[in-house]
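Engineer: With the hints as extra help, turn the sequences into a complete structure.
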Amino acid sequence: MDRGEFPHLTDVQFESVRKMASIFGEDALLILAAATPAEQVERIEAFDTYEQGLIAHVQGLQAPVAELKPVQPKPLRLKVNPYEGKEGEYLHVWVRKVELAMDAALISTERLRVALALSNLGGRAKTWAAAFLPANYEYRQRSRFLACKQGKRELHEYIQEMRVLAASLVGNPLPEHIKATVFMDGLKVGPYRTQMFRVHANTMEGRSRSPSKRNTATDRLALLRRCGKATMRRQAQCKELQQLELAQGRGQVSVRLADGTVVNVPVVRMDLAVKFEDFDST
1 MDRGEFPHLT DVQFESVRKM ASIFGEDALL ILAAATPAEQ VERIEAFDTY EQGLIAHVQG
61 LQAPVAELKP VQPKPLRLKV NPYEGKEGEY LHVWVRKVEL AMDAALISTE RLRVALALSN
121 LGGRAKTWAA AFLPANYEYR QRSRFLACKQ GKRELHEYIQ EMRVLAASLV GNPLPEHIKA
181 TVFMDGLKVG PYRTQMFRVH ANTMEGRSRS PSKRNTATDR LALLRRCGKA TMRRQAQCKE
241 LQQLELAQGR GQVSVRLADG TVVNVPVVRM DLAVKFEDFD ST
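For the record, in the sequence shown the residue sitting at position 267 is 267 according to my numbering, with numbers rising by one throughout.
Since the hints were derived computationally from the structure, they do not count as laboratory data.
Hints are all accurate, no fakes.
The calculated SDA-like cross-link candidates involving lysine to any residue, where the alpha carbons are at most 20 Å apart (straight line), are:
#	residue 1	residue 2
1	Lys86	Val98
2	Lys19	Tyr50
3	Lys74	Met102
4	Lys79	His156
5	Lys126	Glu99
6	Lys188	Arg144
7	Lys97	Gly85
8	Lys79	Ala101
9	Lys74	Lys152
10	Lys126	Asn136
11	Lys74	Arg193
12	Lys152	Gly186
13	Lys152	Lys188
14	Lys19	Leu32
15	Lys126	Glu110
16	Lys149	Tyr192
17	Lys152	Asp185
18	Lys149	Arg193
19	Lys152	Gln72
20	Lys149	Ser108
21	Lys97	Val114
22	Lys74	Arg113
23	Lys188	Cys148
24	Lys126	Arg96
25	Lys79	Glu205
26	Lys86	Ala129
27	Lys149	His177
28	Lys126	Leu112
29	Lys19	Val41
Simulated restraints, written as ranges between beta carbons of each label pair:
#	residue 1	residue 2	range
30	Tyr137	Asp185	20 to 26 Å
31	Asp185	Lys97	29 to 35 Å
32	Gly85	Ala135	22 to 28 Å
33	Tyr139	Tyr90	30 to 36 Å
34	Thr203	Ser143	19 to 25 Å
35	Gly60	Gly190	35 to 41 Å
36	Glu205	Ser108	21 to 27 Å
37	Phe14	Gly53	20 to 26 Å
38	Ala35	Leu61	33 to 39 Å
Predicted model, so just to flag it, every value in this text is computed and none were measured.
A virtual CB, placed ideally from N, CA and C, is assigned to each residue, including glycine.
Structural biologist: Next up, the structure:
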């Protein structure tokens, strides 16, 4: 196919001619070449319209792809033995363990990382670190703990900060029931907060565990019981219906007594010979 055979067509129109030739074959190209320039343009425009409509139809049939939400990693709490600066302890090993615990707990802010490291110090190492802390450090940490709220943060972030702040109060720790109360008060209103009121725990750690797993078995058992009762009712109704049909086939009828017992009695047909006459109620 030579471009010179269609000198009056634009490059876009000539590209449509190539598509027509590849789809309909050389015979369609010969018919198009024998037509007048006006007819050629008209057929090319009709082909382009058909192609665009077909593409739009195919795109409309394709199901929209749902946006994949990134998988939210779950924090893992690792226990680190306190470093006291005694002989035989390796500081660099302890630092590495603390870093691994920070990464596993998904702690990203520097303030919480420092608080976690300080909470894993003991003995003279803790005394040495306290010399570099700002004045009233523990008082400030206590104030942050009491005023901590979840806000717009993820639940695991709020739980992690509460744990770190509570661990930093080693000098004068708060009672467990107070920590549990502060934790509950800081939760934002939602399903998790509602579920937490069903958990009977007096510690913050007990409150921070999701109660959904605990209630799974109980909810499943309750569902099975409801389904079982409904099935038994349906079976009883079907049995009564079968007995009624069987009794009718034998010329009997089933009657339920006052105590709930169902008995079959013979059918007795009676002609009451009652005659209704017209009367004027006025």
